[in-house]
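Q: Take the given structure of chain A and dock chain B to it, following the hints.
If you read the protein sequences in the order shown, they are chains A and B. Residue 1 is where the first sequence starts when you use my numbering, and the numbers rise one by one after that. Residue 1 is where the second sequence starts when you use my numbering, and the numbers rise one by one after that.
Calculated from the structure, these hints are not laboratory results. Glycine residues also receive a C-beta, built at the ideal position from the N, C-alpha and C atoms. Mixed in with the good hints there might be a few duds.
Claimed, not checked - Taking lysine-lysine and the DSBU-like style, the derived pairs with C-alpha atoms no more than 35 angstroms apart in a straight line are:
(1) B:LYS69 x A:LYS53
(2) B:LYS3 x A:LYS53
(3) A:LYS70 x B:LYS69
(4) B:LYS52 x B:LYS69
(5) A:LYS101 x A:LYS11
(6) B:LYS52 x A:LYS11
Unchecked claim - Ranges of calculated distance between the beta carbons of each label pair, as one might list FRET restraints:
(7) A:SER83 x B:HIS40: 22 to 28 angstroms
(8) B:LYS3 x A:SER83: 37 to 43 angstroms
(9) A:TYR50 x B:ALA17: 34 to 40 angstroms
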Amino acid sequence: DAGITQSPRHKVTETGTPVTLRCHQTENHRYMYWYRQDPGHGLRLIHYSYGVKDTDKGEVSDGYSVSRSKTEDFLLTLESATSSQTSVYFCAISETVGDEKLFFGSGTQLSVL
Amino acid sequence: DAKTTQPTSMDCAEGRAANLPCNHSTISGNEYVYWYRQIHSQGPQYIIHGLKNNETNEMASLIITEDRKSSTLILPHATLRDTAVYYCIVRGSARQLTFGSGTQLTVLP
Numbered sequence: 001d002a003g004i005t006q007s008p009r010h011k012v013t014e015t016g017t018p019v020t021l022r023c024h025q026t027e028n029h030r031y032m033y034w035y036r037q038d039p040g041h042g043l044r045l046i047h048y049s050y051g052v053k054d055t056d057k058g059e060v061s062d063g064y065s066v067s068r069s070k071t072e073d074f075l076l077t078l079e080s081a082t083s084s085q086t087s088v089y090f091c092a093i094s095e096t097v098g099d100e101k102l103f104f105g106s107g108t109q110l111s112v113l
Numbered sequence: 001d002a003k004t005t006q007p008t009s010m011d012c013a014e015g016r017a018a019n020l021p022c023n024h025s026t027i028s029g030n031e032y033v034y035w036y037r038q039i040h041s042q043g044p045q046y047i048i049h050g051l052k053n054n055e056t057n058e059m060a061s062l063i064i065t066e067d068r069k070s071s072t073l074i075l076p077h078a079t080l081r082d083t084a085v086y087y088c089i090v091r092g093s094a095r096q097l098t099f100g101s102g103t104q105l106t107v108l109p
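Excised from the complex, chain A in its bound form (with noise of 0.2 angstroms):
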């Protein structure tokens, strides 16, 4: 596997708390990205990063944001945790864009009761 931790690996949290996913890469890649996995959705786009303190938004942006203030650390935060944002959250990586292959971390299971 491509050099991507993620962490927590699993968290168990209550509504209205906020929540820091932590993604991890020594790989020195460029790109970095926040997907989550919902049965019935495949992998939506959350936030990605083109740089350090260079994100934009994706398709499910609403709720989250994102910190990258260095390369190999990509920071999702849940302001205020809903019961909507219990999902598996992945991280990936790229080198290049435009012709890009991703690698993905291994997941966090976040569950917001």
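A: Relative to chain A, chain B alone:
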């Protein structure tokens, strides 16, 4: 990005070739065809991609029709570990890869 259509599920006998079809009739000239797979509880894994020509790597072969409206992913000698959901994705200049529902391939012993 063009929409893709894949069968919901397929079975294949172990050791035989698995041929997974994908229709992308609205594909435009600059859009690539990508294939990924996802083994249960793991992150998706890149398999192969192509634009016009057929492609082969250590995992699979990708056959794209001349009109580019469909493609087939071929796993030449399927093993039990190839049981997974296979996603066909057509992607243009946007940065986003959109994953649909894919095909559940089950390799039978």
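Q: List, from low to high, the hint numbers that the structure doesn't satisfy.
A: 1, 3, 6, 8
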